[in-house]
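Participant: Using the sequences and the hints, build the whole thing.
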Amino acid sequence: MTLPKLALTAFLTMSLAACQKSTAPEADNGAAPVTAPPNAGTQSTLWNGGKSKPLDVQVAHPNGSVLQLTSLQSRPTETAVGIRVINGRDRDIDLNRFNSNRDGYLLLDSGERLYLSPPTTNTRLTIPAGQTFEGELVFLGRLPTARAAVLVLNENSSSDNEYTTTPGFRIDLPLAGGDAGATR
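With the first letter of the sequence shown counted as 1, position 47 gets the number 147 in the working numbering; the numbers rise by one all the way through.
Derived from the structure by calculation, the hints contain no laboratory data.
From a predicted model like this one, the values you see are computed outputs, not experimental measurements.
Check each hint, because a few of them may be wrong.
DEER-style ranges, computed between Cβ atoms [unchecked claim]:
1) T177 to K153: 15 to 25 angstroms
2) G230 to T177: 33 to 43 angstroms
3) G149 to G230: 35 to 45 angstroms
4) P244 to R191: 34 to 44 angstroms
5) E262 to G149: 36 to 46 angstroms
6) D260 to S210: 25 to 35 angstroms
7) R224 to G188: 17 to 27 angstroms
8) R191 to A276: 30 to 40 angstroms
9) G149 to Y263: 18 to 28 angstroms
10) R184 to R270: 15 to 25 angstroms
Note that beta-carbon positions come from the ideal geometry of N, C-alpha and C, so glycine has one too.
Facilitator: Put into C-alpha cells, the structure is as follows:
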C-alpha cells in the first residue's frame, strides 16, 4: 500500500535558517543596515555551486526495502539528499536505529563526516510496513567540492539480513560526472 507523498518538512527534513549580516558600516542617514543573502560568499565552496542535482540511484535491501536517491544539494549550513523509501516488509523499518547515536552520515573523501539531523517528530526515521515515503535527509554542514562521498545509514547494521528491521545502507554518491556505484 502506498501513502500519498508526505510533505518533506513534516516527515524527513529539518531545516536550518542562516542569516549573515554585512560588515559594511552603517550610514548616518538612518537607513537600516544592509544584510547579505544567506548564501552570500559560499556559492564557490558548495558542491555543484549549491545547485540541486537530480539523482537516479536505487539500492534494494534483502529485507524487502528499497532506497532511492532522487537529488543532492549542498546548502550553506546543510546538505540535503532527496530520497524515496519503499518498505516492502510486513513490519516497520528504521533507517536511524539509534536516534541518539551517529549512525547516519555522509562520509567524504577527506574522511570528514556530515552527520544526519533527523526530524524531531521521527528521530528513528521509521517507515511503516508496506508504505512508501518521499522526503529529504538533511546532514549538518555543507558538502564542499569533493571527489567522492558515501551515504551511510544504520552504520553497523546488516546489509544482507533479510529479517532485519534496521537495514544498513552504504551508497556511493555520484559527485563527479558519470554513474554512481552503489552498494548495500
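Participant: Hint numbers the structure violates, sorted upward?
Facilitator: Those not satisfied come down to hint 9.
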